[in-house]
Structure formats: C-alpha cells, structure tokens
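Can you build the whole structure from these sequences, using the hints too?
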Amino acid sequence: MIRRKTTFSLIGVGTVIAAIVVFDSLIGGDWSPLFGGKENFIEFWQEDLWPPDWSLLEARKYPACEASIGFFCSKAYIGMLETIKMAFVATVLGFIGAILLSPLAARNLVPKFISFPVRIFMAATRSLPSLIWAVIFIAIVGLGPLAGVLAMTFYTIGYLGKLQYEEMEGMRSDPLEASRAMGLSRSEITFLVVIPEASNGLLSQLLFMFEYNVRHGTVLGLVGAGGIGYYLNFYIGLFMYRQVMTFIIVIFVVVVLLDILSMFVRSFVNEESDVKRPSWKTIFLPPEAAVKEHLENTDE
Amino acid sequence: MNHADSKPLATLENLSVGYDEPLISKINMEIRPGEIISIVGSSGIGKTTLLRTIAGLVAPLEGSINLNVQQRGGLGYIPQKLGLIRHASVTHNVGLGARAGTNFREEPLTWWKRRSERVSEAIALMGLSDKADEPVRRLSGGQQKRVATARTLAQQPQLLLADEFLSELDEDNIEVVVQAVLNYLEKSGAAMILIEHNIARAVEISHRTFSVREGRLTEFTDHRSEQE
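Chains as they are written, first to last, in my numbering: chain F, 18 to 317; chain W, 32 to 259.
Simulated from the structure, these hints should not be mistaken for lab results.
Certain hints may be false.
Under the rule of at most 30 Å between Cα atoms (straight-line distance), these lysine-lysine pairs were calculated in the DSBU-like manner [to be verified]:
#1 F:K179 with W:K112
#2 W:K144 with W:K162
#3 W:K112 with F:K129
#4 W:K162 with F:K309
Computed footprint of chain F on chain W; a stretch qualifies when at least three of its residues, placed anywhere within it, have a C-beta under 8 Å from a C-beta of chain F [claimed, not checked]:
#5 99 to 106
#6 109 to 122
Every residue gets a Cβ at the ideal spot worked out from N, C-alpha and C, and that includes glycine.
Dropping the structure here:
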C-alpha cells in the first residue's frame, strides 16, 4: 500500500516537473516577462481599462429607443441578448441531435459496429472548436447569428453527445437487465429506461452546455457570427479598452447568473432536494428560532 | 395443479454457467407451469449467474436452455438490486412491466386502457397507491421491493426469476409480497425460480428446493407433494 502511494507521488511529481520543462522550452527559457509584467498590467489597467465606459449600458443614440428603460436599448443588452438567444437555440438543437445519437454511441446499448462510427462522427464535430465551425458556416450562410447558431449546434452535438453517452454507459446495469429480460425493445429501453435513469446527469449537462454556449457565443462575434462578440471585436479593433471592459463585466455577470440559475434548476431533480434543507431565512434568525422554523418547514 | 403433466416452461439440459470458469455445471432441470423452485446456498457460488443465464443476459458455457414462453413479456426478472429506475415514478416503473406484458398490435384500441388498468391494479395490490407519483429513490427499501413486485405483477410473466427479492424485508412486507406473488402464480399457472437465503422460507413457499454444492445443483425434496 505504502509502495503504491510512493509510486503515485513520484508520478505526480514527475508530471509537474515535465510540465515545467515543456513550458520552459515553449517560452525559450525567458521567464522575465512573467515577473516583469506587473507594472505593465497596472499601467494598462489604470490608463486603458478602468473605469469602464458605463455609457454602453445606456440607450443607443440611433435607432431611437422605444423602451421605457434605456438599458433595454443599450449595446450591452442587445449584444448579450442576441448571444443568449443564439446559445439557447444552439443548445436546444444540439441537445436534440445529441440525445438521438448518444444511445447509438453507448457500448452498453448497441453493438460496437454501430457505436464506433457514431463516436467517430461525434469526435469529428467536437474536434473543431465552435470558432472554426463559425468560420466555416460564415462561408456557407454568410455573416450573422445563423452562422453562430449552426456553429454552436454542431459543436454541442459532439460535446454534449460525448457527455451523454458516457453518462449512459455509467448507469447501473440492473434496470437494463430487468428490461432486457422482460423483452422490451431497444428503443423502449433507450427512451423509457436509460434516459429517465440518466435524467439528472443529462439535465445537469444540458444546463452546463447552455452556460458554455453563452460563454463561447461571446467569442463567435469576433469572426462575425453575431452577438456581443461583434461589439467586443469592434472596440478591440479601435483599442477602446474601457468599452471592452464594460462588455467583459456584463459577460461575467450573465455567466454567474446563469450558473446560479442552473444550480437552482438542478436542485429540483437531484437527490439533495429530497432532504428538506434549511431556508435562507433561518440564517438571520437566532439559533433556537432557526431550529423551530426549520422543523416547522420539514413537517409540511 | 399436477406439474408433471404439463409442458415445461423451461428446460435446462446439461447446462454449465459461469463467466470464465463454470460456477455450476451439468444442470438438468425442467420447470413446469405453476411450479415454484427455490435455490439456496451461500454467496458467490453462481446462483445469480444461473438466473441471469436463464434470463438470457449471460451466455451459457455449455449445454442449452429451451424457454417455452413468449419472447416479449413472457419472462419476468427481479434482480437482486431490483432494476428500478430511481429517478422515475412508481407508475413509470410499474408501467414498464405492463408495457412488456401487453401487445399493442393485438388490441390497439384498448391497449392503453389495459395497460393503465394493470398498472393501477398492481400498485394498489402492493399498497402503493398513495406513492404512485413519487420518484422511486424517495421510497424505503421495503417499498422499493414492492414496486419491483408490482412491476412483475403488471407484466404477468409466464416464468418469473426472482433474485433474493424477499431479503431485508420486514415481516409485514414479506407477507404482502409473498401472498401477492403466490396468488398470481396460482391464478395464472406461471412458474417461479427464486433465489433465497432463508432456507426455511424457501422450503415453505416452494415445491422444489435446490442447493448448490461443489459446483452442482442438488435437489432437497418435493415438499409440497409430500405435504399433499
């Protein structure tokens, strides 16, 4: 046991040393920029990045804003909303594609001669980042959100499909065995046994993918595929970093909100939700009152 | 029912089961309608492997299995871990049995109704009507075993393979489950092969009891025939 632990420790230390050696060769042995760049960054931050240009959260001058709140006509809102819409559509389409393909890639559900080509197809869609897919689709359908949606959909099929078939392969074997013995067909087993059994994992992955697509959707605009990335690209090109900083903050806030939303949605389906947890209210109550409040809630 | 006169539902001929090495060899057995057969013995000697082989989940190492049951829904299997979909409701789980046991092509117009009737009857029989919409993961171990039994009752198989599904159940639950299964077997003429750790219980409910010793299946005695 001790010998095994020592072997693992040696492998760990060896891997870290290898990473340092490879990094050293990548940067040609010149580590000085890493330690000497602090002043540059502080100067860049003070002169170019901060404070951000908050006027981007106000209504654009043209076209005239018809909304009562100016923020809803701002570049930040319009760009972010377009990115979220693109990510939403791509995630839904990609999920449909992935859920239809992933049972055909799971080795516990189909023979190898079916799973192998499906896996190759998924690996192919995944091998190109969505940014490269965007460039390809821009060449096919032109600039704009359509290219962005298609790019993210393709990538989602490959990426989500892999997560899904791994989830399906990892499921307990006894529900599969019971339904096979009963004589249920492959499609019945897939849709009535495998997908419900793996549902928590699949939902979790779907929400993760949406959040991932929102983050990546911001980058797709850099190649002209629509969304907030279009504005980012525009201001980076003009070296207007205060405006870029505003968009980065907006993206950060949206991603954090999505993460919170995703945790909230998942809490309805995971096993933790079966145990009644203390409410937020109890945090602000004195201990005795908090216990009373919690017990009252659990009795419901 | 006189088991000897009826055509066997399953015939095991010179069967050897196991994975790389045989765990139980030279099994010769006929299972006739209405028969209850128990297999007892300590853990890891191949009882579950034998059941999985009969269920068609593991290939036999040697010999053959001839099943005289419908391909769809004719065989019911309650694995040791019950085989329930933990995130789905009781109704969904029991519905799988009813789906396997009913044929849409035979009576397409009444299929849905027949299926729902079977589901609600089986759930009611197992005393789970108030839990019908609950996800199975929220139920206790005993309740989950009743769900697995309800799934089988809704399926109405001709041959039921049950792997220690009575273990770890309290007396009340055992009474409910055993009575429901025995009633079904008596009414339908279906047969059951049961793996059971409790020898007294196995002897009490079955017609024939087998034990596994040194890789061979050895019959105890035909208890019920003796009693009759």
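To see whether the hints hold, each was checked on the structure:
Between the alpha carbons of K179 (chain F) and K112 (chain W) the distance comes to roughly 28 Å, so the proposed pair stays at or under 30 Å and holds. For the given pair, K144 (chain W) sits about 21 Å from K162 (chain W) by alpha-carbon distance, which is consistent with the 30 Å threshold. Proximity of K112 (chain W) to K129 (chain F) is assessed by CA-CA distance (about 27 Å); at most 30 Å being required, the pair is judged to hold. For the proposed pair K162 (chain W) and K309 (chain F), the alpha carbon gap of about 28 Å is at most 30 Å, so the pair holds.
With a threshold of 8 Å between beta carbons, the proposed coverage of the region 99 to 106 of chain W by chain F holds, since 6 of its residues qualify and at least three are required. As drawn, the region 109 to 122 of chain W meets chain F at 11 residues by the rule of a beta-carbon pair under 8 Å; at three or more, the given contact holds.
In the structure shown, no violation is registered for any of the earlier numbered hints.
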